[in-house]
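S.K.: In my numbering, the protein residues as written are 1 to 137.
I should point out that these hints are in silico values taken from the structure, not numbers from a laboratory. If a hint is listed, it holds; no wrong ones were tucked in.
Beta-carbon label-pair distances, calculated as ranges:
1. Phe30 to Glu73: 15 to 23 angstroms
2. Met1 to Val118: 29 to 37 angstroms
3. Glu72 to Lys97: 29 to 37 angstroms
Note that the Cβ used here is the ideal one computed from N, Cα and C, for glycine as well.
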Amino acid sequence: MIRQGKQAFDDAMALRQEVFVDEQGFVDEFDAFDAIAYHVTLYKEAVCVGVGRVYQDSDGSFHLGRIAIKKEERHKGYGRIIMDELEQLARRQGAKKLALSSQVQALKFYERCGYQAVGPRHMEQHCPHQNMIKLLD
1 MIRQGKQAFD DAMALRQEVF VDEQGFVDEF DAFDAIAYHV TLYKEAVCVG
51 VGRVYQDSDG SFHLGRIAIK KEERHKGYGR IIMDELEQLA RRQGAKKLAL
101 SSQVQALKFY ERCGYQAVGP RHMEQHCPHQ NMIKLLD
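Please model the complete structure; the sequences and the hints are all you need to start from.
M.R.: Right under this line is the structure:
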């Protein structure tokens with residue numbers, strides 16, 4: 001079940017802390033886009049199992065990111081549920097193209113979601129990333 005509201009936002013931030021900071025060692029996890037993004041928070045019963053966000057940049061482009069699934073809940077389809085919800089939110093706002101920056105280890109997942117790699121790989125903190133896009137109908 002997808003929830004909204006302050007508690008859902010707080011749960012999303014806590015899960016991102018758990019996955020990106022505690023598990024993966026990122027330092028600068030939270031940024032100014034958190035204030036303008038629409039956050040999707042997915043629950044299994046009362047437990048937050050996945051999160052993601054989408055925002056429209058000042059140039060009109062739509063960016064997905066901060067997709068995280070609780071470690072013990074991975075490979076159960078929750079990432080796809082979050083991606084589908086984020087895409088629908090962007091479509092309702094008029095998006096024609098979606099962009100994201102994937103950790104290289106997650107490329108196959110995003111390719112299965114219809115994204116294509118663009119440009120060279122780059123480093124974000126200590127982790128190699130790949131920019132990806134998806135054109136919408």
